[in-house]
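Colleague: Those protein sequence lines, which keep their order, are chains A and B.
Take the first sequence: its letter number 9 is residue 100 in the working numbering, and every next letter is one higher.
Take the second sequence: its letter number 101 is residue 308 in the working numbering, and every next letter is one higher.
Don't read these hints as lab results, they were simulated from the structure.
Treat the hints with care, as some may be off.
Stated by the list, open to error - Beyond 10 angstroms from chain A on every Cβ pair, some chain B residues (computed):
1) 212
2) 242
3) 243
4) 245
5) 304
6) 308
7) 341
Unchecked claim - Selected chain B positions facing chain A (in silico; Cβ < 8 angstroms):
8) 231
9) 316
10) 318
Every residue, glycine too, gets a C-beta built ideally from N, C-alpha and C.
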Amino acid sequence: MAKARINIPRNVTAGDVIEIKTLITHPMETGFRVDSLGVRIPRNILTHFSVTFADQVVFEAELQPGIAANPYISFHLKAERGGTLTFTWRGQNDFSVTETRELAVAS
Amino acid sequence: MKRRLFLQGAAASMLIVTLPVRANPTHDAKFEAWLSGHFRDMPRASEGVTVDLPALAENGNSVPLTVSADSPMQAQDFIRTIDIYAPQNPMPHLGRFHFSPSSGVARVNTRIRLGGDQTVRVVARASTDRLLLGGADIVVTEAACLDFLF
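Modelling step: build the complete structure from the supplied sequences, incorporating the hints.
Modeller: Here it is in structure tokens:
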């Protein structure tokens, strides 16, 4: 099973722009490689990553085979208030992983 | 005096060592076709995008890339998307990142695959339908995939 790692800064004050780092284990097989017998390895990539906060999409990424294996993505968010962040990765072969993290914001 | 001249000359010759990424008209044409295909005739500016990419990668399998675009990131004017384009790759469009005013800043950091020496292009689209373009040259000693199927 794919393992997702998410780093959210602690000690956030309202109005701060914070960096959120994410990484998920996934081969991101390009479809251009062949195995030892010369047989083409079928493409198997993550195609979509999205982050929602308070029912609003705050960050989204459309991924192609040109993104390295075990996709690492870090992005920024203006933290106005605390709440739950939902991270979703979707990909080929019905790949889907959803993780939630609490964002604590001091006023 | 001779010694000073020698030192000056040595310093100057070290500065002359530049990166061997040459302008590639095929890549430029490919990028131009992709750009006008996706964004048609939106006004463009070749500024406001910062691309942080190493000048040299020993291996193209995982190259760190940070991209940011200048924008107030307010409801009336923010960066909507950032696209990454690597013309030397078999699939040049590497990905698209979507932002919103709640991003605070239009910046993304990821790791990409590169199939050889090239100028990696970045296109940031503002909510006002203005394009900000940027790029960075990179030398890739060993391309990401040596067994491409054509």
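Colleague: Can you name, in rising order, the numbers of the hints this structure does not satisfy?
Modeller: 5, 6, 8
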